[in-house]
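Chemist: Chain by chain, the residues run as shown.
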Amino acid sequence: MPIIVVEVMPKAELLDPQGKAVAGALARLGKSQYSGVRVGKRFELTVDGPVDETVLAEVRGIAEDLLANTVIEDVVSVHALETETVVAGETH
Amino acid sequence: MRIGVVTFPGSLDDRDAQRAVRIAGAEPVALWHADHDLQGVDAIVLPGGFSYGDYLRAGAIAARSPIMNEVVDAANKGLPVLGICNGFQILVEAHLLPGGLVRNDHGDFICRDQYLKVENTDTVWTNGFSEGQEIVIPLKNGEGGYIADDETVDRLEGEGRVVFRYSGVNPNGSVRDIAGIANERGNVVGLMPHPEHAVEPGFGPDMTDAMRSGTDGLTFFTSAVRALAVSA
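Order-wise, the sequence lines are chains A and B.
Residue 1 is where the first sequence starts when you use the working numbering, and the numbers rise one by one after that.
Residue 1001 is where the second sequence starts when you use the working numbering, and the numbers rise one by one after that.
Hints in this document: simulated from the structure, not taken from any laboratory.
Worth double-checking, as some hints may not be accurate.
Computed list of lysine to aspartate or glutamate pairs in DMTMM-like fashion (alpha-carbon distance at most 20 Å, straight line) [claimed, not checked]:
| no. | chain 1 | residue 1 | chain 2 | residue 2 |
| --- | --- | --- | --- | --- |
| 1 | A | 20 | B | 1108 |
| 2 | B | 1117 | B | 1054 |
| 3 | B | 1117 | B | 1177 |
| 4 | B | 1140 | B | 1035 |
| 5 | A | 11 | B | 1157 |
| 6 | A | 41 | B | 1159 |
| 7 | A | 11 | B | 1151 |
| 8 | A | 20 | B | 1105 |
| 9 | A | 11 | B | 1105 |
Per the computed footprint, the stretches of chain A lying under chain B, defined by three or more beta-carbons under 8 Å from a beta-carbon of chain B, are [unchecked claim]:
| no. | stretch |
| --- | --- |
| 10 | 16–24 |
| 11 | 46–55 |
We put the CB at the ideal spot given by N, CA and C, even for glycine.
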């Protein structure tokens, strides 16, 4: 079944304490070339039926209303995932 | 005088809030997240905890739970609502209060007896305080950093809607030390610290004169009882 991916990131101007903690761990592991990490969210919505522009528009609405809180986060991507191109090892 | 306390899956401080209501002289009414019934209460407390496990975002799922339809309608008609900690997070997710709450800037959960300055004593929940009064109530959160854009914060300050500010220490990176705010009408108040944990000598925060003796939180509830008695 088709999947729609929604990606949400904390707003760029906000401090991301989670990302900062990950960046700190990388530095402690000696991976000093990665100076910044930001942690966001990826949602995968399995759609019961074909994905058309109407469905995508609805998901864009859901993303803004529920999946993200636009006071503190940005929806950076809403796109359909072609199931046949799913990378081996990913389970859906 | 009947004050409802909503229990969501994962609420932790609903019983403490009920107890605080009782000690203040009102009747606590247990309300359930899955109902569409406010049981005719005179005011509502959204308690602290981790509703729905804080999945998605703190307060996000609870803000969309069945009873919140009625809570939002009633709040918009002027029913007094107090959101404590997770309850505050639910109020911002339900758009009853502006801004948002994000992970503490230092990344850690924090639990401490917190000094606050009361800046607005006109609300149903704060009329028993004097303006500028310093109070101490417990604070315990991981995602208590209040944020909003400058324009929103300027408006909140200009309209006297910053009800509480952190005093001494800003424990979570909240913008301009904001600990609690009110809506435009003043009937909806949300704050991160926990007044319901400071209502009874022996079980409250440590004060300079005696350990665990702090009862500043009780004034939130006696304020509501008094305001409701006047309006009744």
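Chemist: Does each hint hold? Answer for all of them.
Modeler: Now the hints, each set against the structure:
1. Taking the CA atoms of residue 20 of chain A and residue 1108 of chain B, the gap is about 12 Å. The hint holds against a cut of 20 Å.
2. Proposed proximity of residue 1117 of chain B and residue 1054 of chain B is contradicted: the alpha carbons are some 28 Å apart, above 20 Å.
3. A hinted pair counts as satisfied when its Cα atoms are at most 20 Å apart, and residue 1117 of chain B with residue 1177 of chain B qualifies at roughly 10 Å.
4. With a C-alpha separation of about 28 Å, the suggested pair residue 1140 of chain B and residue 1035 of chain B falls outside the 20 Å cut-off, and the hint is violated.
5. Under the criterion of a C-alpha separation no larger than 20 Å, the hint pairing residue 11 of chain A with residue 1157 of chain B is inconsistent with the structure, at around 23 Å.
6. In summary, the hint linking residue 41 of chain A to residue 1159 of chain B is not supported, as the alpha carbons are separated by about 35 Å, beyond the 20 Å threshold.
7. Our distance criterion of 20 Å between C-alpha atoms is met by residue 11 of chain A and residue 1151 of chain B, whose separation comes to about 17 Å.
8. Among the hinted pairs, residue 20 of chain A with residue 1105 of chain B is consistent with the structure: their alpha-carbon atoms are about 10 Å apart, no more than 20 Å.
9. Of the pairs offered as hints, the one joining residue 11 of chain A and residue 1105 of chain B holds, with about 14 Å between alpha carbons and a cut-off of 20 Å not exceeded.
10. Judged by the Cβ-Cβ criterion of 8 Å, the stretch 16–24 of chain A is covered by chain B as claimed, because 4 of its residues qualify and three suffice.
11. Given as covered by chain B, the stretch 46–55 of chain A fails the check, having 0 residues with a CB less than 8 Å from a CB of that chain where 3 are the minimum.
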